[in-house]
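Produce the complete structure using the sequences and hints provided.
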Amino acid sequence: MADATSANIQEAALTPEVDHDNPVVSTDAVAFESEMAPHLDSLFRNALRLTGNSNDAEDLVQDTYLRAFRFFHQYELGTNAKAWLFRIMNTIFLNDYRKKSRQGESLSYDELEDFYLYNRTQDNVLSAPGSTVQVNPEDAVLEKLDIEAIESSISELPEEFRETVALATLEGLAYQEISDILNIPIGTVRSRLSRGRRLLQRLLWKNLSGTDLPPMSDPIGQGK
Amino acid sequence: MASSEDRQLEQLAAEAQTADTVSISSVESTKTEVTTDRTVHTVIEKMDAFDFYSCEEAIKRLNEYLDSELDSAEKADVIKHLQICEPCLERFSFEKTLITIMRKKMCGSVAPLQLKQRLAALMKSDK
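Chains P and W, in that order, give the protein sequences. Mind the numbering: the first sequence is residues 1 to 224 in the numbering used here, read in order. Mind the numbering: the second sequence is residues 1 to 127 in the numbering used here, read in order.
Any given hint might turn out to be false.
Claimed, not checked - Simulated pairs of lysine-lysine, DSSO-like, Cα-Cα distance not exceeding 30 angstroms: (1) P:K82 to W:K104; (2) W:K104 to W:K80; (3) P:K144 to W:K104; (4) W:K80 to W:K60; (5) W:K124 to P:K82.
Unchecked claim - Facing chain W, from chain P, some residues (calculated, C-beta under 8 angstroms): (6) A29; (7) F32; (8) Y65; (9) N136; (10) P137; (11) E138; (12) D146; (13) I150; (14) T169; (15) L193; (16) S194; (17) R197.
Honestly, the hints are just simulated from the structure, not real lab data. Glycine included, each C-beta is placed from N, C-alpha and C at the ideal position.
Now the structure itself:
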């Protein structure tokens with residue numbers, strides 16, 4: 001389990017201009033809380049996605065929060081606090097939490113279909129059990145979307161795509177912010193998003209319709 | 001007497017009116033040249049020649065469009081395409097709604113109250 005006090009964080013990666021010998025600890029807890037506390041829900045969701053379980057997620061949020069408080073003096077008021085917190089969280093996670101890097105096999109995602117979910121609504125209307133009311137097929141799918149289906153689909157994404165897709169799609173962060181948080185080039189953000197969102201739609205369809213993905217074009221390798 | 005081609009052209013011009021003034025002038029100038037053996041394809045070719053994105057070009061920019069990452073010129077070009085391409089408009093709208101709904105639903109997933117209370121207490125003790 002990670003420990004905030006013993007965490008070997010690469011602080012330079014978080015805050016390149018930090019003075020390691022004299023870290024100034026902000027005592028302005030009120031200002032910190034008013035700026036950062038509104039993002040606790042987002043932080044917790046992100047921690048859940050990263051760790052995959054509630055206990056580690058709580059620890060990760062706490063470590064992130066304390067680390068952010070310690071370096072609050074380096075936060076520029078008026079900039080995106082959520083992006084700043086996510087960047088700290090990602091660094092702590094990579095250093096202390098990630099058990100082992102599961103390097104994804106080099107799979108080709110080139111043949112992924114655009115508009116997968118929309119296209120399925122056109123060729124296979126979801127039938128609501130017991131319902132006789134004809135509804136627009138797109139609306140029928142969108143109405144079935146719930147937290148569970150979204151969370152499952154995101155968590156089933158290959159690791160290399162998961163955070164990029166979640167940060168852009170669910171958290172509404174800018175590409176540059178995602179690039180900073182994950183420490184990857186902005187072009188990589190674009191390409192991961194392009195393939196990751198198409199994969200996400202396949203998973204959403206699988207989880208919403210209860211049908212398996214077509215095995216032939218199942219690049220995730222999780223088809224049953 | 002108005003031929004059927006003329007009527008088709010008028011209809012296309014009317015539909016194009018929602019696109020922008022460039023396309024309208026393009027359609028009208030073509031209409032003056034059209035003869036009975038020319039069809040609406042002439043209009044479409046003219047419109048294509050006028051910096052309209054193809055479906056492929058528009059779809060290539062789907063994510064950046066959805067995430068407000070396009071510059072204003074590129075965004076305008078995507079919108080121009082959507083105004084003349086109903087299938088793309090439907091798909092882009094679906095994607096936009098999908099993201100909006102997912103984002104909204106996920107706001108219902110919140111951090112445990114105990115965690116929030118614990119952090120608030122830590123802040124106080126750190127003061």
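Query raised in the report: Holds or violated: is there a CB of chain W closer than 8 angstroms to the CB of Y65 (chain P)?
Result: Interface hint status for Y65 (chain P): holds (5 angstroms vs cutoff 8 angstroms).
Query raised in the report: If you draw a straight line from the CA of K124 (chain W) to the CA of K82 (chain P), is it 30 angstroms or shorter?
Result: Roughly 22 angstroms separates the two Cα atoms, so the pair holds.
Report task. So, T169 (chain P) near chain W? Judge it on the closest CB pair being under 8 angstroms. Result -> Constraint on T169 (chain P) satisfied, holds at 6 angstroms.
Query raised in the report: Regarding the hint that E138 (chain P) lies at the interface with chain W, is the smallest CB-CB distance below 8 angstroms?
Result: holds, 6 angstroms
**Report entry** Restraint outcome when A29 (chain P) is required to lie within 8 angstroms of chain W by C-beta distance
**Finding:** With Cβ-Cβ at 4 angstroms, under 8 angstroms, it holds.
Report task. Sort out whether K104 (chain W) lies within 30 angstroms of K144 (chain P), counting only the CA atoms. Result -> Roughly 14 angstroms between the alpha carbons, so the hint for K144 (chain P) and K104 (chain W) holds.
Query raised in the report: Do the numbers back the hint for P137 (chain P), that is, is its least Cβ distance to chain W under 8 angstroms?
Result: violated, 10 angstroms
**Report entry** Per-residue hint verdict: S194 (chain P), partner chain W, C-beta under 8 angstroms
**Finding:** holds, 6 angstroms
**Report entry** chain W contact restraint on D146 (chain P) - CB to CB distance below 8 angstroms
**Finding:** holds, 6 angstroms
Query - Satisfaction of hint between K60 (chain W) and K80 (chain W), Cα-Cα up to 30 angstroms - result: The hint holds at about 15 angstroms.
Query raised in the report: Can we keep the N136 (chain P) interface hint, with Cβ of chain W closer than 8 angstroms?
Result: For N136 (chain P), the interface hint is violated, since the closest Cβ of chain W sits about 11 angstroms away, which is over 8 angstroms.
Report task. Against chain W, run the beta carbon of R197 (chain P) and see if the smallest gap drops under 8 angstroms. Result -> R197 (chain P) check passes; min Cβ-Cβ to chain W is 6 angstroms, inside 8 angstroms.
Hint compliance for this structure: hints 9, 10 are not met, and every other hint is.
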